[in-house]
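Colleague: What follows is each chain in one-letter form.
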Amino acid sequence: MSVQQISLSGRKIEVSNKEMTFLERIYLWTILKGLWTTLKHLFRRKVTIKYPEETRTMSPVYRGQHMLMRDDEGRERCTACGLCALSCPAEAITMKAAERKPEEKHLYREEKYAEIYEINMLRCIFCGLCEEACPKEAIYLTKSKKIVQANYEREDFIYGKDKLVMPLEMAIKNTQSNKVN
Amino acid sequence: MDSVFIIEKSAIIVAVFALTMLMAMYSTWAERKVAAFLQDRVGPNRAGWGGLLQPLADGAKLFTKEEFFPNTPNKFLFILGPFIAMSTALITSAVIPWGDKIHVFGKDVLLQATDIDVSVLYVFGVLSIGVYGIMIGAWASNNKYSLMSAVRASSQMISYEVAMGLAMISILMMSGSLSLKEITVMQANDGWNIFYQPLAFIIFLICSFAETNRTPFDLAECESELIGGYHTEYSSMKMGFYLFAEYANMFISSAILSVVFLGGYHFPGMDWVNANWGINIGAILGFLALFAKICFFIFFYMWVRWTIPRFRYDQLMHLGWKILIPLAVINIIITGIVMVLFK
Ligand code: SF4
Ligand code: SF4
Numbered sequence: 001m002s003v004q005q006i007s008l009s010g011r012k013i014e015v016s017n018k019e020m021t022f023l024e025r026i027y028l029w030t031i032l033k034g035l036w037t038t039l040k041h042l043f044r045r046k047v048t049i050k051y052p053e054e055t056r057t058m059s060p061v062y063r064g065q066h067m068l069m070r071d072d073e074g075r076e077r078c079t080a081c082g083l084c085a086l087s088c089p090a091e092a093i094t095m096k097a098a099e100r101k102p103e104e105k106h107l108y109r110e111e112k113y114a115e116i117y118e119i120n121m122l123r124c125i126f127c128g129l130c131e132e133a134c135p136k137e138a139i140y141l142t143k144s145k146k147i148v149q150a151n152y153e154r155e156d157f158i159y160g161k162d163k164l165v166m167p168l169e170m171a172i173k174n175t176q177s178n179k180v181n
Numbered sequence: 001m002d003s004v005f006i007i008e009k010s011a012i013i014v015a016v017f018a019l020t021m022l023m024a025m026y027s028t029w030a031e032r033k034v035a036a037f038l039q040d041r042v043g044p045n046r047a048g049w050g051g052l053l054q055p056l057a058d059g060a061k062l063f064t065k066e067e068f069f070p071n072t073p074n075k076f077l078f079i080l081g082p083f084i085a086m087s088t089a090l091i092t093s094a095v096i097p098w099g100d101k102i103h104v105f106g107k108d109v110l111l112q113a114t115d116i117d118v119s120v121l122y123v124f125g126v127l128s129i130g131v132y133g134i135m136i137g138a139w140a141s142n143n144k145y146s147l148m149s150a151v152r153a154s155s156q157m158i159s160y161e162v163a164m165g166l167a168m169i170s171i172l173m174m175s176g177s178l179s180l181k182e183i184t185v186m187q188a189n190d191g192w193n194i195f196y197q198p199l200a201f202i203i204f205l206i207c208s209f210a211e212t213n214r215t216p217f218d219l220a221e222c223e224s225e226l227i228g229g230y231h232t233e234y235s236s237m238k239m240g241f242y243l244f245a246e247y248a249n250m251f252i253s254s255a256i257l258s259v260v261f262l263g264g265y266h267f268p269g270m271d272w273v274n275a276n277w278g279i280n281i282g283a284i285l286g287f288l289a290l291f292a293k294i295c296f297f298i299f300f301y302m303w304v305r306w307t308i309p310r311f312r313y314d315q316l317m318h319l320g321w322k323i324l325i326p327l328a329v330i331n332i333i334i335t336g337i338v339m340v341l342f343k
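Chains A and B, in that order, give the protein sequences. Residue numbers are given in the numbering used here: position 146 of the first sequence equals residue 146, and the series is strictly consecutive. Residue numbers are given in the numbering used here: position 112 of the second sequence equals residue 112, and the series is strictly consecutive.
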């Protein structure tokens with residue numbers, strides 16, 4: 001096989017410069033064929049997903065809005081080590097660490113926790129490197145199954161812990177299903 | 001007597017005007033729907049049921065947009081452009097016979113604004129003025145893209161008007177009259193022109209695409225080369241008028257195609273309906289028949305738009321001067337020979 005005939009994509013088409021036949025040259029016949037093709041599409045099933053009412057099912061690995069996880073006892077897992085912020089190529093994450101008080105043991109899993117944890121969703125490129133970097137399995141992009149919503153102000157895209165931390169009901173449900181298993 | 005006449009004609013004129021406006025409005029909606037359906041999408045569906053209020057929303061939007069004037073010495077002409085485009089698009093409808101006579105208040109009322117005996121010439125005359133709207137507006141925009149578009153539009157219209165007129169001549173030879181009403185009556189008696197003059201029909205159809213600046217002949221406003229063409233500098237309702245005029249034109253040329261080639265308000269079995277159910281019902285059914293034909297042609301315009309890509313400029317001129325005009329002339333000759341042989 002000569003080099004010219006190798007097709008890596010398997011979709012190579014030879015260009016032919018053959019003379020057009022009479023039917024092709026007067027266009028009318030080919031136009032009619034084209035009209036028939038489009039007419040068939042008129043009655044095809046429409047592929048549109050009517051978004052706010054219908055949502056597309058997300059694949060299990062779809063990277064959407066981040067979620068800060070809780071453990072089986074409902075405590076936040078994040079220990080504010082900052083590895084996620086360090087690994088983030090878009091520098092989207094900022095946080096402020098605080099020390100856990102003795103009476104807060106039921107709230108935070110580790111002795112140090114993130115008092116403020118913010119992700120700028122306009123900067124984030126949803127690469128998932130924060131998830132990979134986290135030593136505490138505290139941040140996931142695949143769990144929330146949410147797309148970051150559009151908004152009017154830039155400030156509104158900086159998501160704090162109120163939006164990021166896993167809701168308690170979800171944690172309770174997870175714990176229960178874990179116990180059953 | 002005179003005042004009755006004036007009232008009767010005014011009513012018809014207002015009705016025709018309203019119908020043209022309504023059709024132009026809903027053509028914009030239909031265009032999007034057809035475009036969407038041909039591309040396996042659903043099209044506008046938010047404003048009203050099935051997006052039916054979309055044209056109103058568009059109108060409100062165009063009215064409230066900022067009125068922008070480019071830096072041009074010809075402010076007056078700049079405003080005159082859309083004005084001419086819109087008026088010429090609307091006044092063509094005056095001579096179209098919308099239906100046969102109806103009998104109301106003890107009087108025969110002809111469903112036509114005016115039945116002048118040179119209506120075909122009138123239509124062609126108004127159509128040729130239509131290009132001034134584009135030319136003047138584009139010239140006054142002081143923008144090179146607009147100007148190029150105007151040059152294209154006018155040369156295209158001039159070349160296709162010739163072929164259109166020649167195709168029309170073969171019809172006139174058969175009808176022996178320049179009145180659209182007479183042409184319709186003749187078709188009601190002898191059968192539709194499309195069966196006698198298929199070649200003239202095809203030429204006329206292609207030329208109407210060029211005359212209304214629709215794809216595949218929309219070189220005057222091809223976005224990929226000329227931004228928006230002649231309406232590049234226009235905004236707000238002046239822009240709206242241009243767009244509106246295009247759809248009104250489409251409606252009118254569909255009407256003319258239906259009247260000249262598809263028998264106008266004639267439908268099979270019209271005589272029977274007239275004899276048994278009365279002429280009023282006959283006229284209304286006739287109007288509906290005409291309306292259905294017009295809708296078909298409007299759909300056809302859209303269908304073609306989403307099927308064929310735009311012609312290149314030289315192809316356009318080649319098609320107009322070297323193919324359509326000779327074909328139209330040959331058609332006239334054949335029509336003449338056949339008429340001499342069989343009459
Ligand atoms: S997904 Fe990527 S860009 Fe977004 S916060 Fe995590 S590391 Fe940064
Ligand atoms: S989310 Fe993970 S990596 Fe980021 S600060 Fe918390 S524990 Fe560290």
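Do not rely on the hints blindly, as some may be mistaken.
In silico BS3-like links for lysine-lysine, alpha-carbon gap of 30 Å or less [stated by the list, open to error]:
#1 B/K322 to A/K33
#2 A/K50 to B/K65
#3 B/K65 to A/K18
#4 A/K46 to B/K322
#5 A/K50 to B/K61
#6 A/K50 to A/K12
These are computed hints drawn from the structure, not numbers from a lab.
Colleague: Now look at each hint and say whether the structure bears it out.
Modeller: A quick look at each hint next to the structure:
A hinted pair counts as satisfied when its Cα atoms are at most 30 Å apart, and B/K322 with A/K33 qualifies at roughly 24 Å. Simply put, A/K50 and B/K65 have alpha-carbon atoms about 29 Å apart, close enough for the 30 Å limit, and the pair holds. A hinted pair counts as satisfied when its Cα atoms are at most 30 Å apart, and B/K65 with A/K18 does not qualify at roughly 52 Å. At most 30 Å may separate the alpha-carbon atoms for a hinted pair to count; A/K46 and B/K322 exceed this at roughly 42 Å.
With a CA separation close to 24 Å, the supplied pair A/K50 and B/K61 stays within the 30 Å bound. Between A/K50 and A/K12 the CA atoms are separated by roughly 36 Å; this puts the pair beyond 30 Å, and the hint is violated.
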